[in-house]
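Enquirer: Sequence:
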Amino acid sequence: MSESFFSVVDQLADIFWAGRIGFKAIAGLGIAQTYILMLMTARMGLDAGMRSMVARAIGARDIRYANHVVIQSITITFVWSLVVGGSGMIYADPLLRLIGIDEEVVALTSGYLKMQFLAMSLLSFQRLFGGALQAAGDSITPLKAITVSRVIHLSLTPFLIFGWWMFPSMGLAGAGVANVIAQIFAIALNLHALMSGRTDIKLKLSDYRIDMNLIWRILKVGIPAGITGMQRSLSQWALLFFVVTFGTGPAAAFALSRRAENIVNHASRGLGRASGTLAAQNLGAQLIGRAKSSMNWAIVYCSVLSLLAMIVFIGFPENVAKLFSDEAEFVSHTTVWILIMGLCAFPMSSVQVFTQGIASTGDTVAPMVITLTTMWAIEVPVAIALAFMTPLDSVGIAVGIGIGNLVRCVVFFIYVFSGKWLRPGIL
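Take the sequence shown: its letters are residues 1 to 427, numbered as in our numbering.
Worth flagging that the hints you see were computed from the coordinates, not collected in a lab. Note that the Cβ used here is the ideal one computed from N, Cα and C, for glycine as well.
Straight-line C-alpha distance at most 25 Å; calculated DSS-like pairs for lysine-lysine:
#1 Lys204 with Lys144
#2 Lys420 with Lys220
#3 Lys420 with Lys292
#4 Lys220 with Lys292
#5 Lys202 with Lys144
Pairwise CB distance ranges (calculated):
#6 Ser206 with Gln286: 25 to 35 Å
#7 Ile63 with Trp165: 47 to 57 Å
#8 Val304 with Val79: 37 to 47 Å
#9 Ser206 with Thr373: 43 to 53 Å
#10 Lys144 with Asn296: 25 to 35 Å
#11 Arg198 with Glu103: 46 to 56 Å
#12 Asp102 with Thr373: 29 to 39 Å
#13 Lys144 with Val369: 32 to 42 Å
Please work from the sequences and hints to get the whole structure.
Expert: Listed below in structure tokens is the structure:
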């Protein structure tokens with residue numbers, strides 16, 4: 001959960017410093033982060049496949065199989081990073097123009113997006129190694145790694161953006177460069193722990209061989225989870241096309257509200273992954289009751305997080321907006337978006353717990369079906385209809401997102417308490 005929280009702090013810090021440049025920089029940064037988040041959530045789905053298989057193997061005490069799964073996941077990650085990260089760096093400018101933003105915003109954001117694609121490739125390895133450690137029961141080392149990397153990122157960012165002290169002035173691209181440097185340190189810490197044998201998993205280069213059958217099994221579990229994770233960011237990307245038609249102010253409000261929402265959502269994803277890992281270990285050991293209990297407690301903790309978010313976002317929406325920019329157009333739009341987000345905090349965060357938790361046990365198809373149907377049959381159409389067929393204008397998109405999450409939350413509750421995801425044994 002702490003790892004997920006730090007990821008959001010990073011995004012908000014980038015937006016904070018972008019606000020010192022102007023609200024157009026906030027809009028551009030939000031669009032760039034939407035692309036990165038869309039790909040990273042898809043990548044996290046593949047990690048969920050690996051994590052569920054490792055956790056179940058650990059629970060069944062099949063350590064050799066757990067190690068083999070991690071080694072094959074490295075091959076998948078290498079191909080992913082090369083294809084997706086490389087393509088993103090080459091086509092960063094066309095991707096920004098695809099949304100319909102003006103050339104000034106493209107110029108501000110281009111270097112940042114290119115560096116973030118490179119950082120995303122490195123982050124894929126960092127999360128792969130960290131997820132393997134967590135599945136083996138070591139959650140401290142990944143936390144140390146992410147803490148070190150985030151401190152480096154947060155410290156370097158303003159120096160590289162504005163050219164403080166002896167550093168070059170790189171504009172928004174400086175935030176991306178800081179992230180690249182930070183990810184290298186995180187990878188080194190997690191990889192050292194995996195190769196030292198501190199947990200049941202111990203990587204050895206001499207054990208490496210490509211096992212296409214196992215790679216396919218990992219993908220078979222992970223691809224549905226990847227599709228599920230991608231839908232949220234993909235829907236935000238789709239809705240951006242409509243938000244930008246109302247102007248740069250609403251686009252900036254959309255960007256900040258999505259990042260602020262992720263403070264709660266990322267923490268909830270962390271709760272979901274943690275509870276799902278525990279559930280997977282217990283299912284591997286044939287302990288179904290304990291597996292179900294871990295999910296129940298995750299929802300209890302999620303409720304507490306949601307309450308805290310509601311207090312801040314409903315009680316002080318204008319103050320939150322002014323933290324990033326005091327330009328009137330930005331503040332007026334963002335205040336309303338943040339208020340609506342606060343009202344929807346519990347449905348949004350509980351959906352993340354269920355999605356990540358169920359997927360981490362190896363049941364990745366049900367979350368995919370629930371997310372796809374509620375996202376594209378309800379959330380996106382309702383948001384567009386409210387924006388263009390009612391006086392709500394751009395605010396209608398925020399309301400539509402909230403309605404979609406409420407429906408999705410109800411469906412997930414029904415599925416979780418049906419117990420259909422509690423399938424014991426090794427995958």
